Amino acid sequence: MKETKIKTKNLTLFYGAKMALNSISVDIPENEVTAFIGPSGCGKSTFLRTLNRMNDLIPGVKITGEVLVDSLNIYDKQIDVVNLRKKIGMVFQKSNPFAKSIFENVAYGPRINGITDRKKLEEIVERSLKNAFIWEEVKDRLHDSAMGLSGGQQQRMCIARTLAVEPEIILMDEPASALDPISTAKIEELIFELKKNYTIVIVTHNMQQAARVSDLTAFFYLGELIEFGKTKKIFTSPDKKQTEDYITGRFG
Amino acid sequence: MNNPDQKEYRFTRDSLRKKFRLSEFLSEKIITGVAFLSITIIVLIFFFVFKESLPIFRSEKKAAVKVESIQKQEQYGVDTSVTSNASGQEQYGVTTKDTLMIENQAPERDTVAHGSEQATLKSLVGKQWLPVSDNPRYGLIPLIVGTLKITLIAMLFAAPIAILAALFSASFAPYWLREIIKPAIELLAGFPSVVIGFFALMVMASFFQNIFGYDGRLNAFVGGVAMALAAIPIIFTITEDALTAVPRTYTEASLALGATRWQTALFVTLPAATPGIFAAILLGIGRVFGETMIALMATGNAAMISANPFESVRTLAATIGAEMAEVVFGDTHYSVLFLIGSLLFIFNFSLNAMAEFWVKGKLVKRFQGKQS
Ligand SMILES: Nc1ncnc2c1ncn2[C@@H]1O[C@H](COP(=O)(O)OP(=O)(O)OP(=O)(O)O)[C@@H](O)[C@H]1O
Ligand SMILES: [Mg+2]
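Which chain is which? The protein sequence lines are A and B, in order. Start counting the first sequence at 1; every next residue gets the next number (the working numbering). Start counting the second sequence at 253; every next residue gets the next number (the working numbering).
Hints are computed from structural coordinates only; laboratory data are not their basis. A hint or two may mislead.
[As the list claims (entries may be wrong)] Reference excerpt, derived from the structure (chain B facing chain A, CB under 7 Å, subset only):
(1) LEU268
(2) LYS271
(3) ARG500
(4) LEU509
(5) ALA511
(6) ALA524
(7) THR526
(8) PRO527
[Said to hold, decoys possible] No more than 20 Å apart at the CA atoms, straight line, and that leaves these computed lysine to aspartate or glutamate pairs for EDC-like:
(9) A:LYS94 with B:GLU504
(10) A:LYS77 with B:ASP386
(11) B:LYS270 with A:ASP80
(12) B:LYS271 with A:ASP76
(13) B:LYS271 with A:ASP56
(14) A:LYS233 with A:GLU244
(15) A:LYS7 with A:GLU244
(16) A:LYS195 with A:GLU66
(17) A:LYS232 with A:GLU188
(18) A:LYS77 with B:GLU304
(19) A:LYS139 with A:GLU122
(20) A:LYS230 with A:ASP76
(21) A:LYS196 with A:GLU66
(22) B:LYS270 with A:GLU66
(23) B:LYS270 with A:ASP70
(24) B:LYS614 with A:ASP80
(25) A:LYS7 with A:ASP27
(26) A:LYS230 with A:GLU188
(27) A:LYS196 with A:ASP27
(28) B:LYS374 with B:ASP386
(29) B:LYS270 with B:GLU280
(30) A:LYS196 with A:GLU224
(31) A:LYS130 with A:ASP144
(32) A:LYS232 with A:ASP70
(33) A:LYS7 with A:ASP215
(34) A:LYS195 with A:GLU224
(35) A:LYS196 with A:ASP70
(36) B:LYS271 with A:ASP80
(37) B:LYS270 with A:ASP76
(38) A:LYS77 with A:GLU66
(39) A:LYS119 with A:ASP140
(40) B:LYS270 with A:GLU244
Bear in mind the structure is a predicted one, so any value in this text is a computation, not a measurement. For every residue, glycine included, the Cβ atom is placed at its ideal position computed from N, Cα and C.
Use the sequences and the hints to build the structure in full.
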């Protein structure tokens with residue numbers, strides 16, 4: 001097994017008085033794809049969002065426990081959330097391009113990081129779009145509105161936008177849930193490529209997808225981590241009955 | 253598929269140490285400051301209005317003293333209008349009227365020399381508005397210029413303040429504060445303009461005179477600032493709605509890319525809401541344009557063409573308000589006033605239509621794709 005990139009220790013989260021995560025401890029390895037599965041409302045997104053502190057934005061959230069990235073506690077008071085999020089990118093379930101051109105969308109991250117040189121921006125945009133396998137489709141319309149892209153293209157452009165910031169970890173919350181099989185296949189292929197350089201955590205409702213793209217799988221249920229291990233093992237001979245029931249569709 | 257320059261990929265305490273961002277700090281402080289200052293001033297003004305009415309409820313002796321001092325203030329108001337006849341309660345009603353009459357040059361006297369229709373038409377584009385002189389001239393230009401001037405002044409004040417306050421409320425204020433600011437300002441939108449006008453006439457005029465030292469107590473500047481007070485709540489409310497209507501996914505996308513809250517507000521939220529903000533400004537202009545009471549009370553009402561903000565102006569709406577009681581039914585003057593009314597109507601109608609259809613169409617396009 002590869003080196004641990006993200007480690008959580010007894011991570012517990014409350015939305016007001018409601019407990020959404022109950023003492024989660026996992027080790028997520030570097031340069032691998034880790035999938036979170038589990039029924040709706042079990043806390044997958046919540047957990048994913050604790051990893052880049054997106055939950056900070058929600059009023060009334062209380063978090064205890066630790067999240068260590070490269071053994072650095074990201075909830076430490078000294079940590080700069082803005083810089084942290086530059087290193088931990090996030091792709092959302094619903095593609096969310098800005099109402100700007102494709103170029104401006106991808107250049108947004110580098111721009112806020114102070115890159116103003118047009119040449120350099122063009123370079124970054126091209127590289128990011130290529131890495132997200134969408135360059136060929138958009139290279140002639142870079143200055144058209146991103147809203148005019150198809151859903152699948154939008155999602156890949158959002159991935160390119162995340163790549164442009166050069167993060168080390170990419171969190172994906174059901175990135176393909178709203179896409180057709182062809183776009184989904186493209187995204188999966190992309191994830192496969194990306195894991196060479198990035199640590200990837202992906203939430204998905206699609207069992208086949210989890211089985212196809214991930215190296216490790218975590219099964220959540222009602223805010224608890226039920227089982228975590230190699231994807232092969234989870235999908236062929238899970239330790240827990242609950243996991244097996246969920247995977248085989250005999251759940252609830 | 254190779255990463256740029258295989259740099260050392262590690263999370264370290266140093267690379268993630270909390271940073272002080274000067275621009276972030278300044279902009280947040282400025283925005284908060286402006287928002288708070290303007291909100292406080294507006295609220296204070298309304299308190300002042302209430303406070304000044306309190307003496308009536310105190311013991312009679314005190315009340316008498318207060319009335320005297322109010323009369324004294326009233327004198328200021330009359331300074332420019334030359335005459336200051338009789339003192340006493342009745343004067344309130346009369347003062348502004350007096351001012352108007354004087355600028356009309358000659359009161360009541362039936363229009364003696366009616367120019368031919370041709371002449372009237374020609375005079376419409378003239379530079380003089382002398383509807384009740386022996387040789388009446390109905391030049392609309394000074395009225396239009398006056399209206400535009402006061403609208404410009406009002407918007408220069410109202411738009412930035414209202415937009416910054418809205419940005420603060422929508423993007424920076426904690427939830428509880430937002431729940432207070434928004435309804436409070438919305439309530440102010442319903443404040444009768446006669447009270448704002450009264451306040452401008454009594455207090456603001458002297459206040460600004462002390463600062464800028466101009467001669468005419470009532471002028472475009474005073475009127476414009478007073479109108480800004482009336483326009484701020486409208487612009488604020490609509491801008492705030494437009495800002496909060498920007499999908500949360502936008503903000504999240506921006507923050508997840510490592511943008512600060514300020515960058516997100518400025519580069520994502522604000523641009524995404526521009527059509528709505530534009531609509532807000534249009535409606536604010538419409539409000540100022542049609543505002544009669546404040547114009548009547550605080551602008552001095554002299555119809556002249558000048559670029560000086562401290563000169564008196566007469567607006568289209570105020571002209572109708574001031575002269576309606578003096579015109580002869582069916583007279584040319586009478587028709588001209590209705591022409592002004594039509595102008596106002598057409599203008600406001602187009603503003604609203606523009607805000608409604610054009611801007612909405614643009615918003616829909618923006619969030620649903622198509623070329624931009
Ligand atoms: N902002 C919030 N405020 C209060 N409760 C929340 C909030 N967000 C999520 N929750 C609650 O926390 C629990 C976990 O939600 P979460 O979104 O993490 O589930 P999920 O596993 O991602 O579900 P799905 O598969 O449907 O996306 C749910 O019960 C949800 O109602
Ligand atoms: Mg979810």
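Going through the hints against the structure:
1. Hint status for LEU268 of chain B: holds, given a least beta-carbon distance of 5 Å to chain A, under 7 Å.
2. Annotation: LYS271 of chain B was flagged as interfacial toward chain A, and the flag holds, the nearest CB pair being 5 Å apart, inside 7 Å.
3. Given the 7 Å rule on beta carbons, the hint for ARG500 of chain B is violated: about 9 Å separates it from the nearest Cβ of chain A.
4. Against a cut-off of 7 Å between C-beta atoms, the interface hint on LEU509 of chain B holds, since the closest Cβ of chain A lies about 4 Å away.
5. For ALA511 of chain B, the interface hint holds, the least distance from its beta-carbon to any beta-carbon of chain A being 5 Å, beneath 7 Å.
6. Annotation: interface hint on ALA524 of chain B holds; nearest CB of chain A at approximately 5 Å, less than 7 Å.
7. The criterion of a C-beta within 7 Å of any C-beta in chain A is not met by THR526 of chain B, whose closest approach is roughly 10 Å, and the hint is violated.
8. Among the interface hints, the one on PRO527 of chain B is violated; its C-beta lies about 10 Å from the nearest C-beta in chain A, farther than the 7 Å criterion.
9. Simply put, LYS94 of chain A and GLU504 of chain B have alpha-carbon atoms about 11 Å apart, close enough for the 20 Å limit, and the pair holds.
10. Pair hint LYS77 of chain A plus ASP386 of chain B does not hold up; C-alpha atoms about 81 Å apart against a cutoff of 20 Å.
11. Distance restraint check for LYS270 of chain B and ASP80 of chain A: the Cα-Cα separation of roughly 4 Å lies within the 20 Å cut-off, and the hinted pair is therefore satisfied.
12. Under the criterion of a C-alpha separation no larger than 20 Å, the hint pairing LYS271 of chain B with ASP76 of chain A is consistent with the structure, at around 14 Å.
13. Between LYS271 of chain B and ASP56 of chain A, the direct Cα distance comes to roughly 18 Å. Compliance with the 20 Å bound is thereby established for this hinted pair.
14. Our distance criterion of 20 Å between C-alpha atoms is met by LYS233 of chain A and GLU244 of chain A, whose separation comes to about 11 Å.
15. Distance restraint check for LYS7 of chain A and GLU244 of chain A: the Cα-Cα separation of roughly 25 Å exceeds the 20 Å cut-off, and the hinted pair is therefore not satisfied.
16. Simply put, LYS195 of chain A and GLU66 of chain A have alpha-carbon atoms about 25 Å apart, too far for the 20 Å limit, and the pair is violated.
17. Restraint check for LYS232 of chain A and GLU188 of chain A: satisfied, since their Cα atoms lie roughly 17 Å apart, inside the 20 Å limit.
18. At roughly 51 Å between alpha-carbon atoms, LYS77 of chain A and GLU304 of chain B are farther apart than 20 Å, so this suggested pair is violated.
19. For a cut-off of 20 Å, the pair hint linking LYS139 of chain A to GLU122 of chain A stands: about 11 Å separates their Cα positions.
20. For the hint pairing LYS230 of chain A with ASP76 of chain A, the CA-to-CA distance comes to about 30 Å; that exceeds 20 Å, so the pair is violated.
21. A hinted pair counts as satisfied when its Cα atoms are at most 20 Å apart, and LYS196 of chain A with GLU66 of chain A does not qualify at roughly 27 Å.
22. Distance hint between LYS270 of chain B and GLU66 of chain A is fulfilled; the C-alpha atoms sit about 18 Å from each other, no more than 20 Å.
23. For the suggested pair LYS270 of chain B and ASP70 of chain A, the alpha carbons sit about 18 Å apart, so the restraint of at most 20 Å is met.
24. Pair hint LYS614 of chain B plus ASP80 of chain A does not hold up; C-alpha atoms about 38 Å apart against a cutoff of 20 Å.
25. The suggested pairing of LYS7 of chain A with ASP27 of chain A holds, with an alpha-carbon distance near 4 Å, which does not exceed 20 Å.
26. Under the criterion of a C-alpha separation no larger than 20 Å, the hint pairing LYS230 of chain A with GLU188 of chain A is consistent with the structure, at around 18 Å.
27. Proximity of LYS196 of chain A to ASP27 of chain A is assessed by CA-CA distance (about 19 Å); at most 20 Å being required, the pair is judged to hold.
28. Note on LYS374 of chain B and ASP386 of chain B: the hinted pairing holds, with a Cα-Cα distance of about 17 Å set against a maximum of 20 Å.
29. Between LYS270 of chain B and GLU280 of chain B the alpha-carbon distance is near 17 Å, which keeps this suggested pair within the 20 Å criterion.
30. For a cut-off of 20 Å, the pair hint linking LYS196 of chain A to GLU224 of chain A is broken: about 30 Å separates their Cα positions.
31. The hinted pair formed by LYS130 of chain A and ASP144 of chain A meets the criterion: a straight-line CA distance of about 18 Å does not exceed 20 Å.
32. The hinted pair formed by LYS232 of chain A and ASP70 of chain A fails the criterion: a straight-line CA distance of about 26 Å is larger than 20 Å.
33. About 16 Å separates the Cα atoms of LYS7 of chain A and ASP215 of chain A, which keeps this hinted pair within 20 Å; it holds.
34. Proximity of LYS195 of chain A to GLU224 of chain A is assessed by CA-CA distance (about 27 Å); at most 20 Å being required, the pair is judged violated.
35. Of the supplied pair hints, the one linking LYS196 of chain A and ASP70 of chain A holds, its CA atoms being roughly 18 Å apart against a limit of 20 Å.
36. The straight-line distance between the Cα atoms of LYS271 of chain B and ASP80 of chain A is roughly 6 Å, inside the 20 Å bound, and the hint therefore holds.
37. Restraint check for LYS270 of chain B and ASP76 of chain A: satisfied, since their Cα atoms lie roughly 10 Å apart, inside the 20 Å limit.
38. Pair hint LYS77 of chain A plus GLU66 of chain A holds up; C-alpha atoms about 12 Å apart against a cutoff of 20 Å.
39. Annotation: proposed proximity of LYS119 of chain A to ASP140 of chain A holds, straight-line Cα distance about 17 Å (limit 20 Å).
40. Restraint check for LYS270 of chain B and GLU244 of chain A: the C-alpha separation of about 44 Å exceeds 20 Å, so the hint is violated.
Violated hints, in rising order: 3, 7, 8, 10, 15, 16, 18, 20, 21, 24, 30, 32, 34 and 40; the structure is consistent with all others.
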